[in-house]
Amino acid sequence: MARLNVNPTRMELTNLKRKLVTARRGHKLLKDKRDELMRRFMEKVRENKELRKKVEQRIEEANKHMAVARSVMSDSSIEAALMMPMQEMSIDIKSKNVMSVIIPEYKTSFRSADSADIYSYGFAYTSIDLDDAVKSLSDILPDLIKLAETEKSCQLMAVEIEKTRRRVNALEHVMIPRYEETIKYIAMKLDENERGATTRTMKVKDMMLKQAHNY
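Letter 39 of the sequence shown, counting from 1, is numbered 39 in the numbering used here, and no numbers are missing.
Hints may contain errors.
Taking lysine-lysine pairs in the DSS-like style, the calculated list, with each CA pair at most 27 Å apart, reads [to be verified]:
(1) K96 - K152
(2) K146 - K54
(3) K96 - K107
(4) K189 - K203
(5) K152 - K53
(6) K189 - K19
(7) K53 - K17
(8) K94 - K54
(9) K17 - K28
(10) K107 - K49
(11) K146 - K163
(12) K31 - K203
(13) K163 - K94
(14) K135 - K28
(15) K49 - K94
(16) K28 - K184
(17) K54 - K152
(18) K107 - K135
(19) K184 - K31
(20) K33 - K19
(21) K94 - K33
(22) K203 - K96
(23) K107 - K94
(24) K49 - K135
(25) K49 - K152
(26) K107 - K146
(27) K146 - K96
(28) K163 - K28
(29) K135 - K146
(30) K152 - K163
(31) K33 - K146
(32) K152 - K94
(33) K49 - K96
(34) K53 - K189
(35) K94 - K146
(36) K19 - K135
(37) K107 - K152
If you're looking for bench data, these hints aren't it; they were derived computationally from the structure.
Let the hints inform the model, and build the full structure from the sequences given.
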């Protein structure tokens with residue numbers, strides 16, 4: 001591991017030791033963040049898997065009803081029946097912070113609480129399978145919105161996990177070893193300088209004693 005290009009002084013040694021302590025603390029915090037993000041990410045993935053399975057089953061069911069309705073009704077009749085919807089849905093988009101990741105929250109609300117408002121047509125000239133298809137799609141809509149929320153949350157959390165993983169690896173395999181290697185090098189240089197200074201001092205002392213006492 002290449003060391004940092006710094007002057008081997010005691011001040012630099014003190015600064016590097018302080019940086020090493022900060023790097024180790026940051027490394028621990030980032031590892032804890034990564035582990036907690038992974039735990040929450042896996043929870044979201046499991047939720048997303050269950051929602052997707054449920055939504056796909058209900059959509060398949062709605063498609064079957066619609067296929068039967070098309071077999072007994074003309075396309076123009078179906079278009080006319082669905083042309084003027086009575087019910088309206090709105091989505092309130094909020095956000096929340098999960099381990100520094102801003103994930104969305106979608107809340108749905110309907111204009112009317114009357115369940116019959118999902119049908120924009122009379123029942124006299126339409127197939128019951130069309131009613132079942134409309135009802136199935138209406139029932140699955142909140143789960144479909146929730147699925148979109150969980151998938152977006154999983155995407156954002158995955159990006160943050162990858163960023164955190166790279167930072168943890170950079171600290172663990174690059175910065176901390178580099179600080180340790182540089183500290184070791186500076187400490188060795190300072191010890192060498194101290195031994196050299198002691199040796200020179202002893203030689204000077206011997207020379208002074210020799211001059212003073214002629215021995």
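Going down the list of hints, with the structure as the test:
Taking the CA atoms of K96 and K152, the gap is near 13 Å; set against the 27 Å cutoff, the hint holds. Between K146 and K54 the CA atoms are separated by roughly 11 Å; this keeps the pair inside 27 Å, and the hint holds. The straight-line distance between the Cα atoms of K96 and K107 is roughly 13 Å, inside the 27 Å bound, and the hint therefore holds. Under the criterion of a C-alpha separation no larger than 27 Å, the hint pairing K189 with K203 is consistent with the structure, at around 21 Å.
This hinted pair checks out: K152 and K53 have alpha carbons roughly 17 Å apart, not beyond 27 Å. Taking the CA atoms of K189 and K19, the gap is near 19 Å; set against the 27 Å cutoff, the hint holds. For the suggested pair K53 and K17, the alpha carbons sit about 54 Å apart, so the restraint of at most 27 Å is broken. Using a Cα cut-off of 27 Å, the hinted pair K94 and K54 holds, with the two alpha carbons roughly 24 Å apart.
At roughly 17 Å between alpha-carbon atoms, K17 and K28 fall within 27 Å of each other, so this suggested pair holds. Restraint check for K107 and K49: satisfied, since their Cα atoms lie roughly 20 Å apart, inside the 27 Å limit. Of the supplied pair hints, the one linking K146 and K163 holds, its CA atoms being roughly 26 Å apart against a limit of 27 Å. Under the criterion of a C-alpha separation no larger than 27 Å, the hint pairing K31 with K203 is inconsistent with the structure, at around 54 Å.
The straight-line distance between the Cα atoms of K163 and K94 is roughly 24 Å, inside the 27 Å bound, and the hint therefore holds. A distance of roughly 52 Å separates the Cα atoms of K135 and K28; the hinted pair therefore is violated under the 27 Å criterion. For the hint pairing K49 with K94, the CA-to-CA distance comes to about 23 Å; that is within 27 Å, so the pair holds. Only pairs whose Cα atoms come within 27 Å are accepted, and K28 paired with K184 is accepted, the gap being roughly 22 Å.
For the suggested pair K54 and K152, the alpha carbons sit about 18 Å apart, so the restraint of at most 27 Å is met. Between the alpha carbons of K107 and K135 the distance comes to roughly 20 Å, so the proposed pair stays at or under 27 Å and holds. At roughly 26 Å between alpha-carbon atoms, K184 and K31 fall within 27 Å of each other, so this suggested pair holds. Between K33 and K19 the CA atoms are separated by roughly 21 Å; this keeps the pair inside 27 Å, and the hint holds.
For the given pair, K94 sits about 23 Å from K33 by alpha-carbon distance, which is consistent with the 27 Å threshold. A hinted pair counts as satisfied when its Cα atoms are at most 27 Å apart, and K203 with K96 does not qualify at roughly 72 Å. The straight-line distance between the Cα atoms of K107 and K94 is roughly 8 Å, inside the 27 Å bound, and the hint therefore holds. Simply put, K49 and K135 have alpha-carbon atoms about 23 Å apart, close enough for the 27 Å limit, and the pair holds.
Restraint check: the Cα-Cα separation between K49 and K152 comes to about 13 Å, which is no more than 27 Å; the hinted pair holds. Using a Cα cut-off of 27 Å, the hinted pair K107 and K146 holds, with the two alpha carbons roughly 8 Å apart. Pair hint K146 plus K96 holds up; C-alpha atoms about 15 Å apart against a cutoff of 27 Å. As the CA atoms of K163 and K28 are separated by approximately 15 Å, the hinted pair is consistent with the 27 Å bound.
Taking the CA atoms of K135 and K146, the gap is about 18 Å. The hint holds against a cut of 27 Å. For the proposed pair K152 and K163, the alpha carbon gap of about 17 Å is at most 27 Å, so the pair holds. Taken as a hint, the K33 and K146 pair is honoured in the structure, with Cα atoms around 25 Å apart against an allowance of 27 Å. Only pairs whose Cα atoms come within 27 Å are accepted, and K152 paired with K94 is accepted, the gap being roughly 13 Å.
For the hint linking K49 to K96, the alpha-carbon distance of about 22 Å falls within 27 Å, and the restraint holds. Taking the CA atoms of K53 and K189, the gap is near 65 Å; set against the 27 Å cutoff, the hint is violated. A distance of roughly 13 Å separates the Cα atoms of K94 and K146; the hinted pair therefore holds under the 27 Å criterion. Note on K19 and K135: the hinted pairing is violated, with a Cα-Cα distance of about 63 Å set against a maximum of 27 Å.
For the hint pairing K107 with K152, the CA-to-CA distance comes to about 15 Å; that is within 27 Å, so the pair holds.
In summary, the numbered hints that this structure violates are 7, 12, 14, 22, 34 and 36.
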